[in-house]
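Chain by chain, the residues run as shown.
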Amino acid sequence: MTEVLFFIEVVVAGLLAGTMYSLVALGFVLIYKASSTFNFAQGAMVFFAVLAFVGFMELGLSFPVAFVVTVLLMVLVGLCTERLVLNPLMNQSEDTLLMATIGLGFVLEGLAQAAWGVEVRRLDLGIGDFPIEWIIDVFGLFVSALDLTAGIVAAVLIIGLALLFKYTRMGLGLRAVADDPGAASSIGIPLKNIMLLVWSAAGVVALVAGMMWGARAGVQFALVDLALKALPVLIIGGFSSIPGAIVGGLIIGATEKVLEVYLGPFFGGAIEGWAPYVLAIFFLLYRPEGLFGEKIIRRV
Amino acid sequence: MTGNSDNILEISSIEVMYDSVISALHDVSLNVPRGKIVALLGGNGAGKSTTLKSISTMLAAERGKVTKGSIVYDGTEVKNQSPYEMVALGMVQVLEGRRCFGHLTVEENIIAGAYSRKLSKSQIKNELEKIYGYFNRLRDRRKSQAGFTSGGEQQMIAVARAMMAKPKMLLLDEPSMGLAPQLVAEIFNIVKELNEKEGVSILLAEQNTNVALRNADYGYIIETGHVMLHGSADKLLNDEKVKELYLGISKEGRKNFRDVLREEGTKKLA
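In order, the protein sequence lines correspond to chains E and S. Everything in the first sequence is counted per this note's numbering, starting at 1 for the first residue and increasing by one. Everything in the second sequence is counted per this note's numbering, starting at 1001 for the first residue and increasing by one.
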């Protein structure tokens, strides 16, 4: 019985950690849908956002004020990206845009460290990484409060974004641009506003993910690589699918924890780091469009 | 300064280059009178689509540029505007090949057309009803995913979507492409109805000369980037050369206008 409970604990912890992957993957999906480019700067955005947040807190701003200021900063980053990087490269090939996002990543990493320094920072959200007592009492499971909070925050953000896309004018514009940018522009949907929306949303998502990860592992440069875990998530879920990003994140979160616990010892541990990529390779071999990747609708 | 001129669109001898080297239009001039339907006719590669895209400024997205001449739409010179600004001025292009948003429903596609107008929910509902009045067939399919509708329905979606932007002028690029004759007739009837009831001026690029001229007021025939012939639709329909080259009532050996003109030139000389 304890064996089963332990397994469930591992899976739950994995799923909750996976929601954060989902969230970051969502940032990628947004940008991919709007501009058909993989945003390599997303990891740098996570680092930049949370470092700025911690920096503002150190300057003496209260939690909510620092959060709002950082959100505004990320919107500004989105605006600058649109004006200085994407707009001049409009109508260029997707490869050009891809290279531009890699460059943007370096710029953001550099700016963040120039502004706030390079040492690892502690971020205290006031939520401990310890089990919640009533869950132990009721279910006999050890579930971390931080994991649970992260899961709930990610779920709320994801649902919020999904509603935004489904029911608002901007959301409809975004979906139209994602489908056919040329046709969208021909009926008067301004691409630059949509780009701004998408990059701002990706910036906010990056901030939230950075805060959750930073609270656990410290605010440090390694967050950049952690965010790239979204890559296997996207391969499994499908690059252009919002549900895919969510399910892919959960799958990666759960499998990496389970594999770490049960297979890790045979490999000398720490397989969390690479196991998702192995899983992604199998998907690339057998289902390259991912679980939810949009099949291209083509009339014959 | 909404033009006092009788023409909503005046193009004078434009030249268009792609990538600064490939010349697509050499010398195209045409006028679209307010509230009329004008057909732009010609074969593949004649420059019909390029002409339409230079008007709607969609050309920039394909690295094309108007290098000579001028385009004046409704009193405004068309220069460096974005397609978004042109739509705001009431000029909407329906691109070649329909280009519906395949993953959106039929109704979402049509609503997307009203994006630039910033309407309230109830206004959108009214506008939708009006549009469905013209496109009855789409009302039944409103909840279907647009990618799975038929070619004729997709063409209707594309025109309906453009009409949601409340254009003063509509540019239609080959609405008949790949459609069965009765569907082509149905679509042209709707276009004609929109022209008459909504007063929208239409410039229409077509390869289907017969159908286009039957529905248009005026026609221009272009070949390899030059206007070869223009005149009222009736006159063109009865023109011997047009009959021969575009309506399939053929004499032997002559393939295009250049040959016809050359032949006539030699006759004159002789």
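Please note that the accuracy of each hint is not assured.
Claimed, not checked - Derived Cβ-Cβ restraints for the label pairs, each shown as a range:
#, chain 1, residue 1, chain 2, residue 2, range
1, S, Lys1192, E, Leu285, 22 to 28 Å
2, E, Tyr277, S, Arg1063, 43 to 49 Å
3, E, Phe139, S, Arg1142, 57 to 63 Å
4, E, Lys166, S, Lys1192, 48 to 54 Å
5, S, Gly1199, E, Ser62, 57 to 63 Å
6, S, Gly1199, E, Glu94, 38 to 44 Å
7, E, Glu94, S, Gly1151, 51 to 57 Å
8, E, Pro88, S, Lys1118, 55 to 61 Å
9, S, Thr1076, E, Val118, 52 to 58 Å
10, E, Lys192, S, Arg1142, 27 to 33 Å
11, E, Asn91, S, His1226, 34 to 40 Å
Hints are computed from structural coordinates only; laboratory data are not their basis. The C-beta atom is built at its ideal place from N, Cα and C for all residues, glycine as well.
Comparing the hints with the structure gives:
1. Lys1192(S) <-> Leu285(E): 22 to 28 Å: 55 Å, violated
2. Tyr277(E) <-> Arg1063(S): 43 to 49 Å: 38 Å, violated
3. Phe139(E) <-> Arg1142(S): 57 to 63 Å: Since the Cβ atoms of Phe139(E) and Arg1142(S) sit about 47 Å apart, the hinted range of 57 to 63 Å is violated.
4. Lys166(E) <-> Lys1192(S): 48 to 54 Å: 37 Å, violated
5. Gly1199(S) <-> Ser62(E): 57 to 63 Å: Holds - the Cβ-Cβ distance for Gly1199(S) and Ser62(E), about 59 Å, lies within 57 to 63 Å.
6. Gly1199(S) <-> Glu94(E): 38 to 44 Å: 42 Å, holds
7. Glu94(E) <-> Gly1151(S): 51 to 57 Å: Roughly 28 Å apart at Cβ, these two residues miss the hinted range, so it is violated.
8. Pro88(E) <-> Lys1118(S): 55 to 61 Å: 28 Å, violated
9. Thr1076(S) <-> Val118(E): 52 to 58 Å: 54 Å, holds
10. Lys192(E) <-> Arg1142(S): 27 to 33 Å: 30 Å, holds
11. Asn91(E) <-> His1226(S): 34 to 40 Å: With Cβ atoms ~28 Å apart, the hint is violated.
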